[in-house]
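Student: Now for the letters of each chain:
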Amino acid sequence: MKVLSGSPVNISDDIIGKIAHRYGIFSNKRDLIYTTAERSIPKGFAAVITNNSKEHISASDDNYLSIVCNVRGIDGLSDGDVVCVNPSGSITILFKKGAVGNALFVTERCNCSCIMCPQPPVSKEIDKTELNLKILSLIDKGTPMLGLTGGEPTLLGDSFIKILQGCKTYLPKTEINLLSNGIAFANMDFAEKICAVRHPNLTIDIPLYADTDTEHNKIVRANAFFKVVQGLYNLALLRQRIGIRIVIMKQNRNRLKAIAELIYRNFPFVVHIAFMQMEIMGLAKENINNLWVDPYDYAQDLGAAVTYLAMRDMNVSIYNAQLCILPKSIRAFAKQSISTWKNIYIDECADCKLREELCKSYKRLSSYLIKAIKCGII
Amino acid sequence: MTYRLLPLRFDRINDNEVFICNEVGEFLFVPVNDFNMLVKQQLTPENPSFLDLKAKQFLTDTELEPVIEMLATKYRTRKSFLDKFTALHMVVPTLKCNSNCKYCQVSRKDVTAKGFSMNKTMARKIVDLIFKSPSPYIKIEFQGGEPLLEFGLIKYIIERAEWVNLFKKKELEFVICTNLTLMTNKMLRYLKGHKVYISTSLDGPKDLHNMNRPLQNDSNSYDKVIDKIRLCRKVLGHDSVSALMTTSRYNLNRLNDAVDEYLKQGFNSIFLRSLNPYGFAKRDGQSIAYKIDEFISEYKKALDYIIDINLRGTYFVEEFASLLLTRILTPFSTGFVDMQSPVGVAISGVIYNYDGNVYVSDEARMLASTGDKKFLMGNVNEKSYAELFDSEFLHSLLSKSCLECLPECSWCAYQNFCGADPVRNYSEQRDIIGNRTTSEECKRNKEIMKFLLDLIKNGDQQIQKVFWSWITRHPLSLEKEEPCEGSIR
Chain A
7 MKVLSGSPVN ISDDIIGKIA HRYGIFSNKR DLIYTTAERS IPKGFAAVIT
57 NNSKEHISAS DDNYLSIVCN VRGIDGLSDG DVVCVNPSGS ITILFKKGAV
107 GNALFVTERC NCSCIMCPQP PVSKEIDKTE LNLKILSLID KGTPMLGLTG
157 GEPTLLGDSF IKILQGCKTY LPKTEINLLS NGIAFANMDF AEKICAVRHP
207 NLTIDIPLYA DTDTEHNKIV RANAFFKVVQ GLYNLALLRQ RIGIRIVIMK
257 QNRNRLKAIA ELIYRNFPFV VHIAFMQMEI MGLAKENINN LWVDPYDYAQ
307 DLGAAVTYLA MRDMNVSIYN AQLCILPKSI RAFAKQSIST WKNIYIDECA
357 DCKLREELCK SYKRLSSYLI KAIKCGII
Chain B
75 MTYRLLPLRF DRINDNEVFI CNEVGEFLFV PVNDFNMLVK QQLTPENPSF
125 LDLKAKQFLT DTELEPVIEM LATKYRTRKS FLDKFTALHM VVPTLKCNSN
175 CKYCQVSRKD VTAKGFSMNK TMARKIVDLI FKSPSPYIKI EFQGGEPLLE
225 FGLIKYIIER AEWVNLFKKK ELEFVICTNL TLMTNKMLRY LKGHKVYIST
275 SLDGPKDLHN MNRPLQNDSN SYDKVIDKIR LCRKVLGHDS VSALMTTSRY
325 NLNRLNDAVD EYLKQGFNSI FLRSLNPYGF AKRDGQSIAY KIDEFISEYK
375 KALDYIIDIN LRGTYFVEEF ASLLLTRILT PFSTGFVDMQ SPVGVAISGV
425 IYNYDGNVYV SDEARMLAST GDKKFLMGNV NEKSYAELFD SEFLHSLLSK
475 SCLECLPECS WCAYQNFCGA DPVRNYSEQR DIIGNRTTSE ECKRNKEIMK
525 FLLDLIKNGD QQIQKVFWSW ITRHPLSLEK EEPCEGSIR
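Order-wise, the sequence lines are chains A and B.
My numbering numbers the first residue of the first sequence as 7 and each following residue consecutively.
My numbering numbers the first residue of the second sequence as 75 and each following residue consecutively.
Calculated from the structure, these hints are not laboratory results.
No residue lacks a Cβ here, since even glycine has one placed at the ideal position from N, Cα and C.
A portion of the hints provided could be inaccurate.
Cross-link-like lysine-lysine pairs, in silico, BS3-like; alpha carbons within 30 Å at most [said to hold, decoys possible]: (1) A:K263 - B:K153; (2) A:K224 - B:K524; (3) B:K153 - A:K233; (4) B:K158 - A:K263; (5) A:K263 - B:K520; (6) B:K158 - B:K188; (7) B:K206 - A:K263; (8) B:K539 - A:K341; (9) A:K334 - B:K531; (10) A:K35 - A:K8.
Restraint ranges, calculated between C-beta atoms of paired labels, are given here [unchecked claim]: (11) A:P126 - B:N342: 22 to 28 Å; (12) A:D303 - B:V113: 52 to 58 Å; (13) B:G533 - A:V277: 27 to 33 Å; (14) A:F275 - B:K188: 52 to 58 Å; (15) A:K168 - B:D202: 51 to 57 Å; (16) A:V277 - B:D367: 45 to 51 Å; (17) A:D319 - B:E466: 40 to 46 Å; (18) B:L138 - A:N34: 25 to 31 Å; (19) B:I537 - A:S119: 41 to 47 Å; (20) B:H469 - A:D319: 35 to 41 Å; (21) B:R304 - A:P333: 44 to 50 Å.
Partial pick of chain A residues on the chain B-facing surface, computed with a CB cut under 10 Å [as the list claims (entries may be wrong)]: (22) C75; (23) F196; (24) D217; (25) D219; (26) T220; (27) E221; (28) K233; (29) V235; (30) Q236; (31) R261; (32) I265; (33) L268; (34) Y270; (35) R271; (36) N272; (37) D319.
Work the whole structure out from these sequences, hints included.
Tutor: Written out as structure tokens, the structure is:
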């Protein structure tokens with residue numbers, strides 16, 4: 007998430023609001039965070055963000071007006087963005103209007119501890135449900151897609167149901183993509199509660215990292231596999247749309263086709279399967295020596311797994327992969343999938359002709375640079 | 075003990091490999107040494123076969139119950155053809171026929187014969203009975219004789235069924251199995267207004283078709299059939315007509331010609347059927363029948379030919395292979411009445427004869443035409459739906475037609491892809507349970523399955539693509555359009 011900062015004035019608590027550069031008489035000012043380069047500051051807004059310093063602005067006589075001054079890069083804030091302004095003066099962009107991959111971080115807690123987790127979980131946190139509901143109410147109604155992620159969102163239990171209901175109420179047309187480890191759905195009562203919300207556009211994406219319990223459990227460092235299997239069955243019984251995600255790492259790179267087989271034979275009801283190149287962030291960065299496999303080296307195996315599923319009319323995609331290292335026959339399955347803020351091209355790609363299409367990479371980690379790109383095989 | 079072995083059946087296919095298959099149809103080819111170690115509890119997790127065996131639930135070295143649960147789920151899926159009960163209802167409006175087919179399996183009557191057609195009271199009773207079936211899908215298939223000789227009755231049954239269905243609200247469709255020679259424009263215009271499909275017979279190019287299927291008053295039925303196929307397609311649409319072929323002595327060695335003929339007539343599939351030993355086919359066995367070994371070897375040649383046609387870019391399906399491939403390669407249930415376990419007789423498909431007699435299958439009716447009413451369920455005038463379909467006789471027949479408990483079948487590695495046929499067993503071997511070691515059907519099925527499995531294992535990727543295009547029922551173009559063709563150098 008992108009963060010800006012400035013000097014806070016009169017901010018005692020987190021303030022969540024929607025960025026506005028202009029307003030009309032019908033604007034609900036209490037929800038808006040007015041963003042301006044002007045010196046005069048109108049009153050009535052939840053907060054005001056400005057690039058001017060405190061001395062240079064002429065606030066009206068409202069002593070309680072919350073302002074963040076001296077903010078650099080206010081050009082990065084556009085109307086419709088939802089931000090959180092906190093007492094220290096930092097401005098976190100929670101929702102970027104028009105961007106791909108907007109997501110609500112429902113909780114940072116998790117009951118797995120995946121060896122390659124890009125966002126390692128915390129053990130304790132304050133409940134953010136009300137905050138999240140507030141965010142949902144502010145998000146642009148025309149947003150095509152929104153992720154619900156964490157942590158493990160379902161750990162919130164009934165509060166999570168509230169959030170899902172919030173999605174349905176505030177964003178009835180938005181496709182909701184819930185990322186969950188799937189364990190919670192092994193409990194049929196909970197699965198039923200989720201489905202009872204009757205969200206019209208909900209897909210639940212669940213990771214499956216191996217074709218056997220032992221291997222999967224080693225990766226997620228929890229006794230999860232058979233609970234995930236039961237969870238998938240329960241959701242399928244309830245006619246819930248489900249996707250499966252496979253992050254590729256050293257531990258499972260030799261079993262990609264076997265995983266594809268397991269999915270087709272046992273879970274042919276899933277609506278989507280995504281093979282994902284590993285993000286080198288968080289725990290993945292810490293454990294990199296134990297995890298790293300050059301995507302160029304498994305490209306043929308990935309090709310076999312993708313072809314296996316595609317032949318069977320399964321809807322399969324490849325996420326996060328550099329187009330140039332994929333065998334030509336499976337390039338059409340690659341999707342633009344990385345959040346905009348992570349989509350950074352490495353130097354070697356500067357002149358690439360595929361760049362505008364799909365060539366993309368995670369933030370450069372020089373020692374783990376994909377060799378095919380580095381040595382210019384393509 | 076380091077792991078538990080889960081139920082499996084196996085076949086030592088050659089000196090090096092064993093084919094193993096479990097109760098839900100998941101299979102593996104395992105090196106013979108690994109297999110021997112597997113059953114002796116000596117396989118270690120480091121063995122390259124171990125994970126494959128575990129992922130397909132041939133063994134478990136951790137929990138047992140959730141693995142059984144996964145197998146059970148797949149088993150339910152596999153057997154889901156049982157869920158809906160009888161969907162296929164065949165009706166014989168008349169035994170009269172204008173054809174004189176060499177292999178006629180039903181012993182047809184002359185066009186002028188009296189007393190071999192259904193009356194309206196009977197037709198009405200049958201329709202009402204059909205709608206007692208709990209199945210949400212109802213397919214009424216008109217068989218014969220030549221049903222078009224009693225077109226008035228067909229219209230009556232269609233309209234009666236549609237009327238009853240106004241209240242029952244099932245998915246209803248009709249099929250007319252006809253030699254087509256008597257089809258007229260007027261009939262087709264009527265059929266167009268209802269959900270009717272046409273199933274006809276085409277045994278090959280002109281000389282072969284005329285040899286197998288002459289009319290009573292005309293030895294050239296071919297020209298008429300081709301002409302009428304065109305007419306049907308014109309009025310009802312291209313896909314409304316399908317054709318079946320029967321292999322007799324005459325066309326056995328020319329299956330490729332039959333395939334070419336089907337292609338020429340614009341069909342995109344063919345069902346290479348061996349002869350059923352009923353009716354005239356049985357009586358005249360000497361002149362038109364052949365050894366099953368001959369059929370198997372000709373079938374394999376023809377299948378290679380068809381695969382080649384597909385590889386050269388024309389989508390064309392062989393239906394029997396397609397059915398077996400679906401069973402071998404997918405986790406799903408398939409609805410092929412003649413080859414199920416338990417068998418599909420009465421519970422998947424049933425036939426109502428012109429005289430109101432209800433038989434468990436078309437073959438059972440054919441058998442009855444030779445005088446043996448072993449598989450008669452009863453008459454619609456005498457028995458209620460419950461008496462017909464919940465009888466001691468049917469219970470006993472079904473319980474003797476589960477492969478899982480038939481001798482030889484119960485330990486056959488290919489069981490999951492196969493099915494029982496008690497009527498055929500009885501007709502050929504005078505025993506419902508039958509003896510597989512001398513069964514021609516068993517030999518045919520097993521040989522063809524092994525042939526397909528060998529292609530699955532050893533055939534190149536292109537052949538797999540052809541197979542999957544048959545299973546998914548659409549021409550396959552795996553090379554999706556590339557977003558960046560030409561831009562990369």
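Student: Hint by hint, note whether the structure agrees.
Tutor: Each hint tested on the structure:
1. A:K263 - B:K153: holds, 26 Å
2. A:K224 - B:K524: violated, 39 Å
3. B:K153 - A:K233: holds, 25 Å
4. B:K158 - A:K263: violated, 35 Å
5. A:K263 - B:K520: holds, 28 Å
6. B:K158 - B:K188: violated, 38 Å
7. B:K206 - A:K263: With a Cα-Cα distance of about 47 Å, the restraint between K206 of chain B and K263 of chain A is violated, given a limit of 30 Å.
8. B:K539 - A:K341: holds, 24 Å
9. A:K334 - B:K531: holds, 25 Å
10. A:K35 - A:K8: holds, 24 Å
11. A:P126 - B:N342: 22 to 28 Å: violated, 55 Å
12. A:D303 - B:V113: 52 to 58 Å: Given a distance of about 36 Å, which is not inside 52 to 58 Å, the answer is violated.
13. B:G533 - A:V277: 27 to 33 Å: holds, 30 Å
14. A:F275 - B:K188: 52 to 58 Å: holds, 56 Å
15. A:K168 - B:D202: 51 to 57 Å: holds, 53 Å
16. A:V277 - B:D367: 45 to 51 Å: Roughly 47 Å apart at Cβ, these two residues keep to the hinted range, so it holds.
17. A:D319 - B:E466: 40 to 46 Å: holds, 44 Å
18. B:L138 - A:N34: 25 to 31 Å: violated, 59 Å
19. B:I537 - A:S119: 41 to 47 Å: Given a distance of about 45 Å, which is inside 41 to 47 Å, the answer is holds.
20. B:H469 - A:D319: 35 to 41 Å: Since H469 of chain B and D319 of chain A have Cβ atoms about 39 Å apart, the given range 35 to 41 Å holds.
21. B:R304 - A:P333: 44 to 50 Å: holds, 46 Å
22. C75: This interface hint is violated because 47 Å lies over the 10 Å limit.
23. F196: Violated. Min distance 18 Å.
24. D217: holds, 4 Å
25. D219: This interface hint holds because 6 Å falls under the 10 Å limit.
26. T220: Since chain B brings a Cβ to about 6 Å from T220 of chain A, closer than 10 Å, the hint holds.
27. E221: Given a least distance of 8 Å, the restraint on E221 of chain A holds.
28. K233: Given a least distance of 9 Å, the restraint on K233 of chain A holds.
29. V235: Given a least distance of 6 Å, the restraint on V235 of chain A holds.
30. Q236: Hint holds; Q236 of chain A Cβ to chain B Cβ min 7 Å, cut 10 Å.
31. R261: holds, 7 Å
32. I265: holds, 8 Å
33. L268: holds, 6 Å
34. Y270: With a minimum Cβ separation of about 7 Å from chain B (threshold 10 Å), the hint on Y270 of chain A holds.
35. R271: holds, 5 Å
36. N272: holds, 6 Å
37. D319: holds, 5 Å
Comparing the model with each earlier hint shows violations of hints 2, 4, 6, 7, 11, 12, 18, 22, 23; every other hint is respected.
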